[in-house]
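Novice: Letter by letter, the chains look like this.
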Amino acid sequence: MSRYLDDFSLVDFTINALRVVIIVLVFWGAFNTLTLPADAGRITGEQWFDLFVAGLTQGSIYALIALGYTLVYGILLMINFAHGEIFMAGAFTTVFLATWMDKIGFLNGYPFVAIPLLIIFSGFISMIIAVLLERIAYRPLRGAPRLVPLITAIGASFFLQYTFRGLYGSGFKSYPTVDILKGSVAISGFSIPIARIFVFVSALVLMGGLYWLVERTKIGKAMRAVSEDKEVARLMGIDINFVIMFTFALGGLLAGAAGVINGLYRPQGVNFFMGFRPGIKAFTAAVLGGIGSVPGAMLGGLFLGVIEAIGPNLVMTGLGIPGPNQLQDVIAFTMLVLVLIFRPQGIIGERLTEKKA
Amino acid sequence: MTSIAAKNQQGQVQSLWKLISDESQPYHHILRMGFLAGITLLFLGLIGMLEAFNEREVIRDVVTLAQFVLFVPTFAAAYMAAQRIREEQSIGMVLVAATIIGLLSAIPTIVILLINTQVNIRDMFVHVNRDWLEIITFDNRNQLGLGIGLLLGSLGLAGLLGAVLQNLPQKIRRSVIFGLSLMLVIGVMSETVGLIMQEIFTDDFLDNFFKRDTLLLNSAIGLFVFGVALIWVPDKVRRSFVFGLVVAMVALGLRNLLLAIDSLTSIIPTSEEGFLDVFLYFLLPFVAGFAGRLYLEYGSRDSNKAKTDTKATTSTGRPIRVDLIVSIAILLVAPWIVGRALSDVMVTIGIFVLMGIGLNVAVGLAGLLDLGYVTNYAVGAYVLAVMTSTGPLGLFNSQEGVIVNFWMVIPVALLAAMLAGFVFAVPVLKMRGDYLAIATLGFGEIIGRLAVSDALAPIIGGAQGMSFIPKPELLGFTLKDPEQLYYIILVACAITLIVSIRLNNSRTGRQWMAIREDEDVASAMGINVAQAKLLAFTISAATGGVAGAIFAAKVGTVFPNSFSVIVSINVLSLIIVGGMGSNPGIVVGAIVLIGLPELLREFSDFRWLMYGALLIWMMNNRPDGLWPSQVRRRELIGDDSSPPADESPMMASE
Amino acid sequence: MTDKPKVGAENEAILMSHGMTKRFGGLLAVDTLDFQIPRGSISSIIGPNGAGKTTFFNCVTGFYQIDEGDIIFDGQRMNGKTPDQITRSGIARTFQNIRLFNNMTAIENIMVGQEAHLKSSWIGAIFGSPFTRQENAESEVRARELLSYVGLAGKGDLLARNLPYGDQRRLEIARALASKPKLILLDEPTAGMNPRETAQTTEFIRGLRDDLDITVVLIEHDMRVVMGISEHITVLDYGRKIAEGLPQEIQNNPDVIEAYLGRGAASKSKIEVSRVED
Amino acid sequence: MKRFLFVLALLALMVGIATPVLAQECDDALGCVEIGEDDPIVIASMLTTSGATSFLGADSEGGIELAIAGWDGELLGHEIEWVKEDSLCSAEGGQTAAQRVAADESVLGVVGTNCSSAAAAALPIISEAGLVLISPSNTAPTLTNDDTEAGGVYQPGYFRTAHNDLFQGAIAAQFAYDVLGARSLATIHDGSPYADGLQDVMATTFAELGGEVVFQGAVNVGDTEMGAILTQIASDSPDVIYFPIFEPESNFIAAQSLDIDGLENTILMGADGSFVDSFPENTGDAAVGMYLSGPLVAGEAYDAFLELWDEEIGGVPPSGFHAHAFDATNILLDAIEAVAVETDDGGLSIGRQALRDAIAATTDFEGLTGTLTCQTEAPFIGDCATGEALAVFEITQAELDGNWPPPVAWQPGMDMDE
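So the sequence lines, in the order shown, correspond to chains A, B, C and D. Going from the first sequence to my numbering is simple: count from 1 and add 1. Going from the second sequence to my numbering is simple: count from 1 and add 1180. Going from the third sequence to my numbering is simple: count from 1 and add 3. Going from the fourth sequence to my numbering is simple: count from 1 and add 79.
It is possible that part of the hints are untrue.
Think about it this way: if two alpha-carbon atoms lie no more than 30 angstroms apart in a straight line, the pair counts; the simulated DSSO-like pairs of lysine-lysine are [to be verified]:
1) LYS158(C) / LYS84(C)
2) LYS244(C) / LYS1610(B)
3) LYS84(C) / LYS185(C)
4) LYS1610(B) / LYS231(A)
5) LYS84(C) / LYS1610(B)
6) LYS185(C) / LYS122(C)
7) LYS1351(B) / LYS1416(B)
8) LYS183(A) / LYS104(A)
9) LYS84(C) / LYS244(C)
10) LYS219(A) / LYS231(A)
11) LYS158(C) / LYS122(C)
12) LYS158(C) / LYS1610(B)
Here are the computed distance ranges between Cβ atoms for each label pair [what the hints assert, rightly or not]:
13) GLY106(A) / GLU343(D): 58 to 66 angstroms
14) ASP364(D) / PHE113(A): 16 to 24 angstroms
15) SER189(A) / GLU379(D): 51 to 59 angstroms
16) MET246(A) / SER1270(B): 54 to 62 angstroms
17) ASP389(D) / SER1270(B): 53 to 61 angstroms
Simulated from the structure, these hints should not be mistaken for laboratory data. We treat Cβ as the ideally placed atom computed from N, Cα and C, and that holds for glycine.
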């Protein structure tokens, strides 16, 4: 065995072979799909566009959640595995408020007041959960080996899931539908559902706000300082505990907002388990974009959303794989592994990987 | 005018706030503890735990688990507060403070109770229901005033009792706590205890102590008294008593084992009435063990009276060897002591121990955080399923004369899992830390998706899974029950353990540790890091494959939903909870995380909740696990100056 | 300055490079460096902070892959080799900030250092083959010998992190020696030591060459050590070699003085002190 | 030594209390369960009460709870005790739960499991222990088939009140082909044996009837974005999409189908996995005009059941198998009542084989899910739901506004021209 593994060359060879195989498969599959005869299930250009927009929409929700991962990772170098549950906490709690608003006619009567209110409420709930989580579970672990907070986060993830299951029950709830989000608008020949535009725009606004906060404000500067070097930041008179708490609060806020935005776009399936998969996906997105980088998380989210929406139909159908949509996660996670292999710093992130990963 | 009054008031509020928020003030502490206890109590109610626990009677017709749990937060808070303020305050003040904590702890619950009379919050909080109301108000749902009064009174009393207990002399306190805990544990686990006891005692006899798996009042009192007494008897007597019990268990197991083998049944005397059995296989061995151990303990003290300092070391020499023999004996007959249902649990624990030892090679020794261990488990299970199934998907089901059995497939499963481990390791060799974790997590998900996929369904059954996996056969016996499968897993664990220990103490083990500590330096020492990591992944994968194969044979069917990320997390968590890098720790971790949830049926709704809480608590309070590895323990004892939780041997290289 | 330094023909050099260059992005950390380390010598590399000394070590030991040029050790080209291969061919090193395997015992640390010469395999370990056992036992014996050679006898079962600072330095050298190197690279071996310890260490380093016949290359800031022990000095600044030669030559080299003087008073006084003493 | 003697004496006393057992007369092939005068009648459940599928367990547990409440918690003067086991939704969970149930000799019968995978692993143990297992939601055809060549895993003692996929799938196909006049079909499953099995039967039957199956695909539990698969389906423009999966994925598919071009004229069909009160509300407008196959739950009895549910448990049932669980419990308790023999000492003696036979002999049981008759012939051994009590329901605007259950669109045997 050792003779053949004498150096890295086997590894390099395998990785390069992998690269070639995957590129060939992707192109071969896409070629086959696109050249299908029209009567054998070929997807039209318009439909591709729809899928692309759907992907972007889903991707913006991933991006909002991913920001929470990336902010926390940037500062504490820990994977807050429970972040998906923070998203769930906001979305699940707010569904009751939204239902009530709908019942009294407020939601459809004054949607421009009601929707921001819902977003703020949900963000607030998630923020509280995030801050409590940090205070109770994570703060005592500062400086512990990295595995310790990770395991804690896994525990917190279970704890939160089943706390909310206990509080609100195990059934599925749905957000009410809002009339102004129905229908679609035509933009240069393509029709785009209003709900998608709503998601996209709200996500952009939130992300823009975050970017401004991190880059332009004092607290943002403090965050960046803490992420560079905690000790030096402390010497500069920055209250580390506050900055970390603020970071968690910010991540929670975005996740809670994402919960409502997601709920108004895809109203169904609100239950205690709803955060787990978006959580893992959003983490994937954060890594894809370059963990620790704010714009990276945004790009990573959009990228992952689009890949998931288009990948199965484009590649796997062409390769003749039955049930391609079942394997959309395989595409997502293969992407993740490929990015980690070929570009471990992610699409744009680079600061952290050299130094710390 | 008004502004002055307002200012005045504000001033008062401020000074009051100061009094409360100043951490050095006892008021702060009292309020805080009362508040915490109150929130906990409310939480337990809102998530439905009280309701669920109300169905479990700790003592038949006397007290349910919910009524017990109701008082625990208050009691604990008062106890802790008393511990803290007793230095500065008089005993009277302490008792008053504790009572106030008790009263405070009722408030959050009462608030929700009152809100509920005005607004229907049940649409949101599903457990604000009749059952909860009844528990909280002690069945006075319709006379809320009385109910609230009772709640306040009883919680106040609980607080007071907490402080009283805290102020008792230490030995009394310890014995009372031990007695209560013993009663509570046996009361909650009475079903498990009953399962073991029914192997020897007749039902009618057991009915005197348990009624339908619930402790009776007299036996509960008996247990309490027994628990208290156990603290007061000398150490040696206590040890001897436990030893006697263990010997009796071994004898009982041996008897059941012999009874289970048809040809051997006749050689041992048994009786229809059960008395002879109890005497021969329980009482006699117990007395023998107890007396023998007592003799050993006290006899050796007499002979060593002169050299008092070396007493401890010399006198424990013989008992330790005896302990070892008895431990091995009890491991060998364990399934016949606990019966089939618990044997099933033991096999499950064993499967996870096997995986734990394997994953420990990657995580504990080599520091490679693998969150996709389920991959190997799935590969082992599916290899066994495809190769041995007699159903339509079995690879060899239609070929006449080709006999593929469990034993032949085990090595194949092992090699297949190693191959899988190898293949999945190659692309991730250069990743470190969190990236590795997340990439392996991705692999685990990919395998899960592939297992259920339509694409692979023609080979491995897809959503419909694989059935008709025959049980292993050995020398003409079919090992179909968990009692027999236990031995397969025992042997597998033993072999794996030996391999793991040998590797650990070898050049390879040192290479892994060096990589764990500092990958760059390890490479500068002449270690081929890539190769050593590959080896760690591959060897680690091997036991996962064997565990998967045994799992498939045990269950008899393989469905894709058995191979979710939960398995990976379970295995990783049990390593950590047990104590990273510690082999006994893995067993302890598996018992706590895999075994206990199986035993505590009432908790099934809350198993993951408690699992999560346990992980958080462990990481915050005992990050080195329940049974730390030897290196770590040496550290804990040897070096006080190093900060705790700093640089455990796990991920120090980061 | 006891021995006459053996500078001379290329075949006498155990380590040399031609046009060695290492870039980090736009930064030239090592710039077309040519150097030779005479076999059997004690050589030093000095230079202001950030001059590329440690980068040079990292390039030689394979931690970094050089971008241009060649490194030749003992007649073999080392370009593209991984750290473990380079160690196997006979170069050992220590680190500026001690990098022991903290959660392993001292003995274990040294036994890992012997990696380059161990042959037993994991299969042997699993089955407990006689060869593996014998090798393991011998390896431990040798490790204990080395431990007492560096003066740590009796401390073998302590965890590395629990050793005092000076012992950790010695242990790191012992670990490097365990690979039976022909050339050892020591990165600031006396950093953080008091004068007495420094003197001991200096003698110890001289012993490595005299007793064990190992070529030694030092990175050192303490000019007393450098001037007292070296037979050959290379001065780096901004990744380039600005001077090379005997200690006396270096002390009087105007480029060197300028490089140091330009950087501040501390370095200046250091070099002056050493000149006065000489 | 004194203490030692004391302990010895204590133990001797304990043994002395043990009284010999009197052997009871019992000529049942599988033995009898003796219930003392004051002892309860014990039944068990093995349901999935934790994890992502715990809504299924909560749903069935509610049905059992209400059934027992319907007996006022008593049977023949004995309290009914209900032992709950968590069988998860997995093979190993089913096996462990079965071992535990089997270890308790006082258990007479078990209601469960929710998932077919758990049943397949639990069945050998339950059967060997002489117990009966009545499932409210297993639908896999293999469970009631004893022909191992065809993949059957039936073991004596197994019954179910849930509808065998063979009935439900066939009825769905018949409805789609004959009543709706559909000629092309797309199916979606979610990776559960239930959905996969059902769509398989549906597709096969549909093809046999002469239709064309243009697409068979799957989504994952947890997916929220269904655009990709629906677009793929739209490119084949089938007449009917059949997705016999659970909430919330079924909600997502139905709701998102509105956004997809090319599906405007496609009819959506689901099955009893989504036959839940909350389905129309959760799905929204897209639910209107959709068809669901499911048990013929209708009429006052079911309304009363739902009312009681809200009162006792709160809210609405979280899934579509509570009525099956209710019926299963009642069948079990009826059978126990029928075969229990009073003994001389005031207790009861219940033969295990007799109990099995009594359940197998159940005919024309009027349950919430229709008239149930347990069958004894392969491939339907133990199937108490005959398929006649199945119906196809059409969701209308009224359901969206809160009405439940929806009106019956078609029932087997109904005249096609109606």
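Novice: Are the hints correct? Go through all of them and say.
Specialist: Going down the list of hints, with the structure as the test:
no.: 1; hint: LYS158(C) / LYS84(C); result: violated, 35 angstroms
no.: 2; hint: LYS244(C) / LYS1610(B); result: violated, 34 angstroms
no.: 3; hint: LYS84(C) / LYS185(C); result: holds, 17 angstroms
no.: 4; hint: LYS1610(B) / LYS231(A); result: holds, 28 angstroms
no.: 5; hint: LYS84(C) / LYS1610(B); result: holds, 17 angstroms
no.: 6; hint: LYS185(C) / LYS122(C); result: holds, 20 angstroms
no.: 7; hint: LYS1351(B) / LYS1416(B); result: holds, 17 angstroms
no.: 8; hint: LYS183(A) / LYS104(A); result: holds, 18 angstroms
no.: 9; hint: LYS84(C) / LYS244(C); result: holds, 24 angstroms
no.: 10; hint: LYS219(A) / LYS231(A); result: holds, 16 angstroms
no.: 11; hint: LYS158(C) / LYS122(C); result: holds, 27 angstroms
no.: 12; hint: LYS158(C) / LYS1610(B); result: violated, 35 angstroms
no.: 13; hint: GLY106(A) / GLU343(D): 58 to 66 angstroms; result: violated, 31 angstroms
no.: 14; hint: ASP364(D) / PHE113(A): 16 to 24 angstroms; result: holds, 22 angstroms
no.: 15; hint: SER189(A) / GLU379(D): 51 to 59 angstroms; result: holds, 58 angstroms
no.: 16; hint: MET246(A) / SER1270(B): 54 to 62 angstroms; result: violated, 39 angstroms
no.: 17; hint: ASP389(D) / SER1270(B): 53 to 61 angstroms; result: holds, 55 angstroms
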